[in-house]
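There are 2 protein chains.
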Amino acid sequence: MPPVQMKTPKGTRDWAGDKIILREHVFEKIRGIFSLHGGEELDTPVFELKSILTDKYGEDAKLIYDLMDQGGELCALRYDFTVPFARWLAMSGVRQIKRYQIGKVYRRDQPAIARGRLREFYQCDFDYAGTFDPMVPDSEILSLIVEVFEALRINVTIKMNHRCILDGMFAAVGVPQDQLRSISSAVDKLDKSSWEEVKKEMIQKGLFAELADRLGSYVLSKDSHSNDIESTISFIKSDELLMANGNIVKGVEEMELLLQYLNAYDIAAYVKFDLSLARGLDYYTGLIYEVIVEPSPTADGTELQVGSIAAGGRYDNLVAHGSTSLVEERMAIARELRQANISVNFNPNASQKARKQLDSADCAVISVYLEEDAATSDGIVIKILTLPEKNLEKATVVDREDLVDEVRKRLA
Amino acid sequence: MPPVQMKTPKGTRDWAGDKIILREHVFEKIRGIFSLHGGEELDTPVFELKSILTDKYGEDAKLIYDLMDQGGELCALRYDFTVPFARWLAMSGVRQIKRYQIGKVYRRDQPAIARGRLREFYQCDFDYAGTFDPMVPDSEILSLIVEVFEALRINVTIKMNHRCILDGMFAAVGVPQDQLRSISSAVDKLDKSSWEEVKKEMIQKGLFAELADRLGSYVLSKDSHSNDIESTISFIKSDELLMANGNIVKGVEEMELLLQYLNAYDIAAYVKFDLSLARGLDYYTGLIYEVIVEPSPTADGTELQVGSIAAGGRYDNLVAHGSTSLVEERMAIARELRQANISVNFNPNASQKARKQLDSADCAVISVYLEEDAATSDGIVIKILTLPEKNLEKATVVDREDLVDEVRKRLA
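So the sequences go chain by chain: A and B.
Under UniProt numbering, the first sequence has 118 at position 118, and the numbering climbs by one with no breaks.
Under UniProt numbering, the second sequence has 33 at position 33, and the numbering climbs by one with no breaks.
Keep in mind that the hints were calculated from the coordinates and are not lab data.
Among the hints, a few may not be true.
One copy or two, it doesn't matter: identical chains are merged, so the pair holds either way.
[To be verified] List time: in silico BS3-like cross-link candidates among lysine-lysine, alpha-carbon distance up to 25 Å:
{"id": "1", "residue 1": "200", "residue 2": "222"}
{"id": "2", "residue 1": "159", "residue 2": "237"}
{"id": "3", "residue 1": "98", "residue 2": "7"}
{"id": "4", "residue 1": "222", "residue 2": "56"}
{"id": "5", "residue 1": "10", "residue 2": "104"}
{"id": "6", "residue 1": "383", "residue 2": "237"}
{"id": "7", "residue 1": "98", "residue 2": "19"}
{"id": "8", "residue 1": "7", "residue 2": "189"}
{"id": "9", "residue 1": "29", "residue 2": "19"}
{"id": "10", "residue 1": "50", "residue 2": "7"}
{"id": "11", "residue 1": "7", "residue 2": "104"}
{"id": "12", "residue 1": "62", "residue 2": "50"}
{"id": "13", "residue 1": "383", "residue 2": "222"}
{"id": "14", "residue 1": "104", "residue 2": "199"}
{"id": "15", "residue 1": "159", "residue 2": "50"}
{"id": "16", "residue 1": "10", "residue 2": "390"}
{"id": "17", "residue 1": "29", "residue 2": "250"}
{"id": "18", "residue 1": "10", "residue 2": "50"}
{"id": "19", "residue 1": "56", "residue 2": "7"}
{"id": "20", "residue 1": "10", "residue 2": "394"}
{"id": "21", "residue 1": "250", "residue 2": "192"}
{"id": "22", "residue 1": "19", "residue 2": "390"}
{"id": "23", "residue 1": "237", "residue 2": "272"}
{"id": "24", "residue 1": "10", "residue 2": "383"}
{"id": "25", "residue 1": "7", "residue 2": "394"}
Source: prediction; values computed, not measured.
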């Protein structure tokens with residue numbers, strides 16, 4: 001038997017001695033600033049149901065670590081904290097929160113170890129969930145980013161763009177709708193690859209060379225404006241083709257508003273508006289940004305190129321995914337019961353989680369709740385329970401057409 | 001398409017709100033006591049090479065979560081922190097340390113959620129590595145356990161046993177050597193199952209019924225002594241069959257020494273000597289213990305049965321696993337070189353990790369190092385490098401029989 005190889009898996013490392021002390025010191029600083037902004041901590045499992053991670057990461061989905069199918073549910077290691085957070089929001093019914101999460105995430109890519117990016121690596125996330133006035137939470141997050149890196153004494157620049165402007169630009173030059181995300185993902189590589197390489201990828205993905213060049217004239221326009229928000233907005237506004245696109249008009253308005261707020265936070269100097277920034281992830285819908293470290297000379301005189309060390313953006317639709325269907329079903333059932341003159345207390349915050357719907361039914365006599373069940377024709381099972389019985393196991397499954405009769409019978 | 005099911009995988013949960021605040025408070029207390037005892041923190045990857053976890057967990061190995069084979073190394077989620085710690089010791093060459101690790105571990109069993117045991121759960125480990133006088137570290141760990149639960153205001157009892165006594169007892173009644181661990185694993189279930197059930201399992205595992213009954217007379221002897229260390233030792237010493245076994249004599253001596261130290265720490269009152277305690281894991285070689293919560297009445301008057309909330313034991317051979325072969329090989333090569341009158345600086349602490357061997361070769365002219373390589377006939381590759389070149393990529397692979405000549409040539 002050959003000896004057992006003593007190593008950590010590819011792209012992973014141990015943390016010990018000075019290294020872990022420094023790491024904990026950094027996390028403590030970050031945690032302090034997160035708390036200062038009212039953040040509440042969340043911790044989620046290291047793996048999620050595979051179905052929850054599906055269709056969230058575009059081309060990068062191939063980098064997800066799957067667990068082996070050993071019977072039972074199919075699971076995969078978390079790829080980020082955003083999707084688990086959206087899943088938690090949907091389950092918990094929480095509508096408004098600033099949450100933070102610090103922990104490890106997993107990506108099965110070629111690790112850039114010299115730049116500090118392994119396959120198992122830490123992320124420190126801060127997210128604003130809720131409905132707010134435009135750009136107010138976005139600007140607070142940017143201000144928080146500046147505070148974190150000032151505390152860590154790292155000089156950074158925040159590159160930003162707006163998905164509406166990016167998508168509008170693609171539409172304006174004629175990129176077909178179904179190629180938007182794949183072309184966007186090619187543009188995203190411009191910080192590491194040359195325009196020739198990116199153009200080649202676009203053509204391989206089915207884009208006409210002429211459209212690629214038209215796109216190039218915008219995403220490579222850095223030299224024609226000074227890259228600050230003001231001059232980039234002027235550059236866009238001076239282009240009739242772009243301003244004919246409603247998406248772009250909306251994006252420009254938001255960027256103008258953002259600029260006001262960044263001035264109020266006194267952090268506009270940290271920011272560059274970069275029309276070539278795209279970010280790989282599918283779920284962003286508004287402002288996107290990436291924080292890059294200003295190259296600093298190392299002990300031996302060479303420059304250390306770390307690249308991007310923080311990133312984020314606005315995602316408006318991720319939480320709704322998979323959690324609203326049942327809300328509409330519940331509305332329909334409430335209407336039916338009310339039409340039958342049965343008083344219904346409709347919980348506006350309940351997620352589809354049965355337990356949660358029941359907990360909030362304290363003053364009710366009969367509790368009706370819905371469960372997702374892929375095995376039924378409409379994907380839903382209706383159950384009723386006569387209170388004060390609280391054991392969900394004792395609930396009765398009822399056919400949709402019998403529901404009103406069954407509820408009446410129990411009320412009698 | 002059926003809606004995506006919003007839930008966490010079986011046996012996992014989110015931590016938010018008051019729950020995570022309480023959890024962090026508990027960890028802070030534990031961390032404080034670990035530091036008070038001179039513990040240094042270690043953090044290891046959430047998954048390890050599958051080969052490193054193999055043959056460490058006996059029958060429980062089936063509970064390991066494997067990652068899917070997506071190309072590259074075969075990996076599995078960590079099952080505990082002990083095996084990763086042993087792997088880290090072997091890799092780092094560290095010989096003596098008190099290390100602690102707080103984090104999540106993974107077991108694909110039927111989760112006992114009501115008792116707080118999920119599939120993804122936290123462990124807070126404190127381990128003593130090194131060569132010390134008998135029972136000194138063991139008693140310090142027991143004292144640390146008492147301090148932790150006093151700080152958390154949880155009333156506990158520590159059940160303990162000694163693997164030498166357990167194994168000696170099995171040998172004394174005639175359990176065949178190759179059935180030791182599987183019979184031990186059956187005995188371990190006595191806290192949850194009746195003697196009849198355990199006996200049935202033993203017979204299914206191939207043990208004669210007569211031997212099972214003889215074993216029963218010992219492991220069920222709780223009533224014939226008062227379960228404190230002193231009276232249990234007397235019980236064992238009064239039994240000629242047991243005392244004829246060398247293993248048992250050694251175990252009893254250690255338990256007597258331990259009792260002295262527990263009295264010095266003033267914690268003997270927390271301890272019960274339980275001859276039926278076996279612990280499932282294969283790697284223990286000496287004292288083993290399990291901490292159980294004293295049942296406490298809950299708000300509704302029922303008793304909450306949490307069961308064991310901490311456990312551990314001495315494992316003398318886990319670290320050596322896979323790391324010593326190379327030490328002997330290095331000795332042989334050093335001898336050959338010295339015989340050829342070549343001065344050799346033998347690093348007594350170097351593990352088999354090439355990088356580490358090289359780092360410590362500062363004053364050398366030529367560095368010789370060994371790497372494990374399952375593809376070669378003897379499982380080893382020899383490489384040499386002329387300093388100050390430090391790039392391992394530039395090392396030359398040398399046949400064993402050419403080594404002396406090659407070194408001479410370079411020295412000339």
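>> Which constraints among the numbered hints does this structure fail? Numbers only, ascending.
In response: 4, 6, 8, 13, 14, 15, 17 and 21
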